[in-house]
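A.B. asks: Sequence:
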Amino acid sequence: MSEEPSAQAASRAIAHAAHVAVPPRSPRQLHRGHGVDLAPRNNDEYDGMKDPQDHLDQFLAKADLLDISDAAYYSFEQLSQRFLHHFAINKRDPKTASYLFTVTQREHESLREYVQRFSEAVLEVPHVNQELLASIMQQNLRMGRFHESIARKPPATLDELLVRAEKYIQIEETSRVKAAIPSKRIIEEEDHSRRHVSENNQKDQRHVPPPNITRYTLLNAPHAEFLAVAEQ
Numbered sequence: 001m002s003e004e005p006s007a008q009a010a011s012r013a014i015a016h017a018a019h020v021a022v023p024p025r026s027p028r029q030l031h032r033g034h035g036v037d038l039a040p041r042n043n044d045e046y047d048g049m050k051d052p053q054d055h056l057d058q059f060l061a062k063a064d065l066l067d068i069s070d071a072a073y074y075s076f077e078q079l080s081q082r083f084l085h086h087f088a089i090n091k092r093d094p095k096t097a098s099y100l101f102t103v104t105q106r107e108h109e110s111l112r113e114y115v116q117r118f119s120e121a122v123l124e125v126p127h128v129n130q131e132l133l134a135s136i137m138q139q140n141l142r143m144g145r146f147h148e149s150i151a152r153k154p155p156a157t158l159d160e161l162l163v164r165a166e167k168y169i170q171i172e173e174t175s176r177v178k179a180a181i182p183s184k185r186i187i188e189e190e191d192h193s194r195r196h197v198s199e200n201n202q203k204d205q206r207h208v209p210p211p212n213i214t215r216y217t218l219l220n221a222p223h224a225e226f227l228a229v230a231e232q
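FYI, the UniProt record's numbering numbers position 117 of the sequence shown as 117, with every residue one higher than the one before it.
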């Protein structure tokens, strides 16, 4: 190959290279699934986004049901290496336990949300013992009632910590619901205040004095009226 294959072309080439089978020679080969149709499907093509090693591992898991000749296997190995090299930029670096120390509880993040996010992060870091996971999560929690509880009696494992967290999750969510509902006393005080303002407005309207209207003599009135006004 003189040119690097595209994502789909490389994926198809790997699929077809592995799809080389020899006639079954024993019941064991038949039991392994020799002759099963493992031709590439559209959803088997590499999309150019995820980790290429994951894609290759998934394909090899399917191709393992086939017997491949030495020559075909050698060609497949070469093509696999070219595939991994071409898409090396998409390869994810393995995460270690130190990564979990960065998964801290955010400000305003509920305990339920944090527990779920930390649990998902744990799945990305294999081979970390339960005791260390519990210690890391305890360190990453924000200060609060749950943090104080596990500080007094540290859990031995992450599973134990999660069981204890469930109780505080329920308390936290119940408190949030109560805080969102106005208390009876607050409602009564607001009603009383509105009634008081309404009564004061009505009193003010009843005590408003009538307007002082000045009467003027019309210019076309008789002379006697003009004289009477002048004498006043």
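Just so you know, not all the hints are guaranteed correct.
No farther apart than 27 Å at their CA atoms in a straight line, the calculated lysine-lysine pairs in the DSS-like style are these [to be verified]:
hint, residue 1, residue 2
1, 167, 95
2, 153, 167
3, 167, 178
4, 50, 91
These are calculated hints, taken from the structure and not from any lab test.
A.B. asks: Of the numbered hints stated previously, which ones are contradicted by the structure, given in increasing order?
C.D. replies: 1
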